[in-house]
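Asks: Listed below, chain by chain, are the residues.
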Amino acid sequence: MNAAEAIVRCLEEEGITKIFGIPGVAIAPFYEALYHSETIEQVLMRQEQNAGHAASGYARISRRPAVCVTSSGPGATNLITALATAYADSIPIIAITGQVESHLLGRDVFQEADMRGATESFVKYSYLVQNADDIPRIMKEAFYIASTGRKGPVLIDIPADVQRAQLKKPFTYPSEVSIRGYKPNTRGNGQQMAKVVEAINHSKKPLIVAGGGVILGNGEKLVTAFCEKNQIPLVTTMMGVGVAAKSNPLYFGMLGNNGKPYANRAVASSDLLIVVGARIADRAVPRPENLEKSVKVIHIDIDSAEIGKNLGPTLPLVGDVCEIFRELLTADVHIDTTAWLSSLEEMKHSTVDHRKFSELGVNPMLMVKTLTEKMEDDAIYVADVGQNQLWSADNYVMKQGRFLTTGGMGTMGYSIPAALGAKLCRPEAQVVAVCGDGSFQMSMNELATIAVNHVNVKVLVVKNRYLGLVREYQEKHYDSHYSGVRLHDYPKHEKIAEAYDMDYFECSDNESLPGVIDQFLASGRASLLVCNVDSANNTV
Amino acid sequence: MKGIFSVLVENKDGVLSQISGLFARRGFNIDSLAVGETDKHDVSSMTIVSTGDQRTIDQIEKHLNKKLDVIKVRRLDETKSITLEMMLIKVSCNLNNRAQLIELCSCMGAKMMHVSAKNMTIELHAAPDVIEEFIELVRSFGILELQRTGTIAMLKG
Ligand SMILES: Cc1ncc(C[n+]2csc(CCOP(=O)(O)OP(=O)(O)O)c2C)c(N)n1
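Chains A and B, in that order, are what the protein sequence lines are.
Numbers 4 to 543, taken from our numbering, label the letters of the first sequence in order.
Numbers 65 to 221, taken from our numbering, label the letters of the second sequence in order.
Hints in this document: simulated from the structure, not taken from any laboratory.
The reader is advised that the hints may include incorrect statements.
Unchecked claim - When the alpha-carbon atoms are kept at most 25 Å apart in a straight line, the in silico PhoX-like pairs for lysine-lysine are as follows:
{"id": "1", "chain 1": "B", "residue 1": "Lys-136", "chain 2": "A", "residue 2": "Lys-186"}
{"id": "2", "chain 1": "B", "residue 1": "Lys-220", "chain 2": "A", "residue 2": "Lys-143"}
{"id": "3", "chain 1": "A", "residue 1": "Lys-186", "chain 2": "B", "residue 2": "Lys-175"}
{"id": "4", "chain 1": "A", "residue 1": "Lys-186", "chain 2": "B", "residue 2": "Lys-131"}
{"id": "5", "chain 1": "B", "residue 1": "Lys-76", "chain 2": "A", "residue 2": "Lys-171"}
Stated by the list, open to error - Distance windows between CB atoms, simulated:
{"id": "6", "chain 1": "A", "residue 1": "His-205", "chain 2": "B", "residue 2": "Asp-141", "range": "31 to 37 Å"}
{"id": "7", "chain 1": "A", "residue 1": "Gln-169", "chain 2": "B", "residue 2": "Arg-138", "range": "41 to 47 Å"}
{"id": "8", "chain 1": "A", "residue 1": "Ser-178", "chain 2": "B", "residue 2": "Asp-77", "range": "38 to 44 Å"}
We treat Cβ as the ideally placed atom computed from N, Cα and C, and that holds for glycine.
Here chain A stands alone, though its shape is the one from the complex (with noise of 0.2 Å):
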């Protein structure tokens, strides 16, 4: 057995039945023992960003890693964005890149670039395979690492000499990893949990804000359940949109400049926030430093190192989101939240949106709001990057499906391949891609694989003829001197849906969208949808 048929032995062990990549020579051994594996299906993309993009969305839905493949040089440097963007969202994705034969490594020969030093700072850790027999040792490590503690993305990045050479020990996959610097630790500490009930019991307006950190530790059904049991209301950060459904009472929509009005003005009279894996990053709360002064502020984070790094003194908790909220659910908590919660009601209903809309075309918010009512109840919905994030993020109606997007790193082009690494994961799940006009061009090729593999993505696109997000930023900014941001009326979208055997619809008022709304998610195959809105709508 030689390297290559032995990754393709581990990730078969590991239950990997898609591979999402794009082959060169540096890859060819892999791909060819790939070509011999009766349970992997290798699925040809169109470009190597879309491939970890794709892998990020398979991985979010399976929750388990998800695999992604490259060349070297060229092909393993397109995937650094997605890398990053995997990294920054903290979603566990295995990447194998090829790499010069071993001895010409080091010499800047045609296709070498040196993967490890330049994915430094995007991955959780990386390998440099040397060695065949290390392979079912890495492999093993590579997936442990990637999907505990804080998950993220590893990088394998094996010389193509090394894939062709063959193991001198029988192969056999290990069943246990030893990594002497690696223990994450999942438990919370008893005392800081002892603390963390008594400042529960102590508070009269404690407010849990939830991010993306509970869906990635899976824990939304415990954090949810901890707030019905006892009565305590819920925000959530972008990446945490999901957590909660919009039907529960005691949420209160997403925070931030974009966010809720009235999760904002939560956040400000509660005298106890309760974080759960947010960073609270500079986009949900613009000056945390205001926020410690007049209330007090638990985190509750798997990384020790988000702990004190955007938000000041606080009382941490480091450990596992369910088995910390699996030990609190049988604390003794005991807090009478009626007269919080009702003042909370009271501001929902009080807070008006200043928001204003234009009349022309198609109302953003609108759409969102119909299209996520008429979609099925564990839909998968992905958003891509601009205007149309901010949009969707803020009206979707969450029923028991998926809201996935990229809030760490704000990739545009993410939604189109995540779509599909979703809906390959899912296959009997309904999933829709929403994205710009901008974003929907950075991944438009991957509507060949979606054509190809027969995937029924939806894509819609909220088409407004400009960088919206941009525009909007220097409509404010610098005085409306739109500077680049103009995308005029290209591509013609229907002739792009007919290249791709897409179904086409089009909707320009908010009269015809319910329709034509049911009509694009009825359809038996991929489907087009591009909403003309009016490029005067700002989000906030």
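We have chain A; now place chain B with the ligand onto it with these hints.
Replies: Coordinates of chain B with the ligand only, in the frame set by chain A:
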């Protein structure tokens, strides 16, 4: 404030660049860095000295701990540790002031390694603040070359 970290790391390639990269990327200072193998050939020891506010020093410790190739991080309290550094320094001197320089050296426990007509090469191993002091004392002679190893440190007892 000053942070002295004694860090045990895997002795493999790329680890030093991971650690220095971490400091560079997050804007943490490295005042000094000393690396060497321990008695176990697969483990290296690093002593890293940094300055920053309390939050920064805490963050450094956490981010070091987060690195998978870091086996152990210890923050050393300066008052409870032995800190040591070595320096080679070449100072210009001539017949007129050589005696004065020799006296300084013996006073400070520095060793004369080489003497020529125009200069003297001196070795000193001492606590970092003594090294600083010595540098100031000989500055007026004219420093021609200076090399320091960076601090190494160990907890007492
Ligand atoms: C890869 C990448 N390049 C540039 C940006 C900066 N950027 C953020 S939003 C945006 C405009 C997005 O335009 P579009 O996709 O049309 O969406 P809209 O804002 O109009 O909804 C740009 C260029 C980015 N986030 N990602």
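Asks: Take the hints in turn and mark each one as holding or not.
Replies: Status of the hints after comparison with the structure:
{"no.": "1", "hint": "Lys-136/B - Lys-186/A", "result": "holds, 11 Å"}
{"no.": "2", "hint": "Lys-220/B - Lys-143/A", "result": "violated, 40 Å"}
{"no.": "3", "hint": "Lys-186/A - Lys-175/B", "result": "violated, 46 Å"}
{"no.": "4", "hint": "Lys-186/A - Lys-131/B", "result": "holds, 11 Å"}
{"no.": "5", "hint": "Lys-76/B - Lys-171/A", "result": "holds, 23 Å"}
{"no.": "6", "hint": "His-205/A - Asp-141/B: 31 to 37 Å", "result": "holds, 34 Å"}
{"no.": "7", "hint": "Gln-169/A - Arg-138/B: 41 to 47 Å", "result": "holds, 43 Å"}
{"no.": "8", "hint": "Ser-178/A - Asp-77/B: 38 to 44 Å", "result": "violated, 28 Å"}
In this structure, the earlier hints numbered 2, 3 and 8 are contradicted, and the remaining ones agree with it.
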